[in-house]
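Trainee: One-letter residues, chain by chain:
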Amino acid sequence: MSAMDPQTIIAKRIAQELRSGMLVNLGIGIPTMVANYVPNAVKVFFQSENGLIGTGPIPEQGMGHRLLTDAGGRPVTALPGACTFDSAMSFGLIRGGHVDVTVLGALQVDAHGLLANWMIPGKMVPGMGGAMDLVTGAKRVIIAMQHTAKGKPKIVSKCTLPLTSARPVDLVVSELAVIEFVGGHATLQETAPGVSVEQVIAATEAKLAIADNVSEMRV
Amino acid sequence: MKTVSAADAVALIPNGATLMIGGFMGVGTPERLIDELVRQGKRDLTIIANDTASPGCGIGKLVDAGLVSRTIASHIGLNPETQKQMIAGTMTVDLVPQGTLIERIRAGGFGLGGVLTPTGVGTIVEEGKQKVEINGKSYLIETALHAEFALIDAFLADYSGNLAYALTARNFNPVIAMAADTTLVTAEHIVPVGLIAPDHVVTPAPLVDYVVTN
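For the protein sequence lines, the chains are A and B, in the order given.
1 is the number of the first residue of the first sequence in the numbering used here; add one for each residue after it.
1001 is the number of the first residue of the second sequence in the numbering used here; add one for each residue after it.
Bound-form chain B, shown alone (with noise of 0.2 Å):
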């Protein structure tokens, strides 16, 4: 794990990237890494995240700033930009279950094809999808996702990269850690290594590449 800046650590991020990110309603969304996006105007972004939060909150200032050509989320109801852009046309949306959007990310992250799961068996969700029966009930075979970057809000991260979540910011955050080729993490609080007891450490260390520091 390296310390970086805000800055550098979205440096990282090239033009086209794909990146989960975390939070459910800007709960829980690394609000500095967005904010750096937006000043450094990283384009064609495709973004796998529960939500588009609503404009000028979180996820909401990507969409804001024309930067998200593509949107992998269960809900953008709370943000009328969003839906304004893919009727438009200038922003592709695809919109999944928010239990099965979470397991195909917990899927690529965990070394699995994708996961059957009984949601949307009989609905539009299903369309295009193999089906399976198992014990004479349908499935549906859902793919897991990948993101070249996962941004992660911590409540509590160590200088060695264990993380720990506070209330209702964990939502996506443990499970797209797993899912990326790099995770960049914010969190509330730097604090020594050995603060965050072993029992609650949520994010193991190897899963992180760098810290913001604060």
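Same shape as in the complex, but just chain A (with noise of 0.2 Å):
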């Protein structure tokens, strides 16, 4: 079998958050390839905020429709039982405490589990979008991440990049570790399998407490 690419072994383990019924948002990039892990029985509420609940797979070839997108503008297909509103009542979700998990990307998070994940100044200045609104009143948080980029590691100390919210984070995956935010400190939880524990410390800046059991990621 050949290694597992990092994006996958990310993707798989943060499949394994979610639960039947809860209502969850995942953004762009890797956290889109959450839900090709999520077991049949499992069944969860995808939402899309720009409008949709019960969001499903991208349509086959054709069989798209040009007013059915997810937040990127591409196409999907929406599941027996979707429903669709208007942006106030989506982000009234979103904000109003409604959505159960989202899983989003990261630029940088800290030590405490603050997240800076929307700009660049002077580089990449596309917006917030909805980042801002999902990490403040989702009930949780989940960062999908690779655990440096070009060598240098992604959880610091302290974020040097503006922050996303004054909220942290609740979990972060990556293709190493797994770290949660036990009272507010970065708790190496999990390693992915043949990674060691001194191996995660060496890639991450943030100071890590280590949990009494650290655990193999299943994957």
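Simulated from the structure, these hints should not be mistaken for lab results.
Do not take every clue at face value.
For the chain B half of the interface with chain A, some residues (derived, Cβ under 10 Å), not all of them [claimed, not checked]:
hint, residue
1, 1024
2, 1074
3, 1088
In this text, a Cβ means the ideal position worked out from N, Cα and C, and glycines have one as well.
Using the hints, put the two chains back together into the complex; each one sits in its own frame.
Mentor: Structure representation (structure tokens):
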């Protein structure tokens, strides 16, 4: 068996966090891949913040509809029982704490779980879109990201990039580790198969607390 | 409600006008009104919308034609032309969290001076804004937005002006319908009065000023 690519490891692990009946919002990129690994028996409601609950897979070639898209503007399907609504309702769901889990990407996460994921001053200013509302309002915020970028740690002591919210995230899943913010501190809970605690520490700038029984990620 | 041609509808809009435009990455944007704005060369526009779509699509066409001097939006990341004009200083861009943007528009249409939101607290979004504490939690005061015109795309319009929307093309459309002095609507189908059941009307007829004939 060939080694699993980092994105697949991350998506598969996060899929295990979802339970039947949850309302879940997935960001663009690795977060979107999470939907591919949710077991059939787990019936999750996926929300697209452009106004859809019951978002289904990407349609077969030629089966899309131009008025049925995801938050990235790409064609999607609507599962039986889906519903549509306007943007005020959509963000009422998000900000109002009705979304159980959001999965988002990150540029940096700091030792206390504060997130920067929407701009690099002078370089990348795409706008925050729905990210600030999602992080502020969702019941649980899970970050899906590669552990380092160009060899530099993304889990830092303190974010140098503009923050997304004053509310810390709950969980970071990378291709190396699962890190939870227990009592406000980054705590290593799981390591990926073949990855040592020392390797995770070496790839992380923030000081990590180590859980008593660090387990291996099941992917 | 009056029915008009797209040309006559857009002729109502002066240069320098503030427009709220429906759509999310071009889905639910009244393309025929956009095309007509470009054809008539309406300049110096302020656009309030979720995003500026992409070059050649929806609001992106206004950006391509250099007609926009200011944009209030939540996301411009999929339109490099908007970013280019922003960096060049030919367009001012105010980036607003999406949930805050739609609530500021809703407030404008609902007779509120603004809204209190926790979104943006502790970030650069709070710069220059009043903060209030309620029951121990911090909120930003985000002020209401109004526009002279709302450009709306519906799925169904009847001849009295009632509107219904389809799938994810609803997005900002019913909210901006409340927040502008004049509403201009394109619809996929214009149907006899009564065909949209009362329970299925999303935007009530008195909010609609002009429907563009198909």
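Trainee: Could you run down the list of hints and mark each one as holding or not?
Mentor: Hint check results:
1. 1024: For residue 1024 of chain B, the interface hint holds, since the closest Cβ of chain A sits about 4 Å away, which is under 10 Å.
2. 1074: 5 Å, holds
3. 1088: Constraint on residue 1088 of chain B not satisfied, violated at 13 Å.
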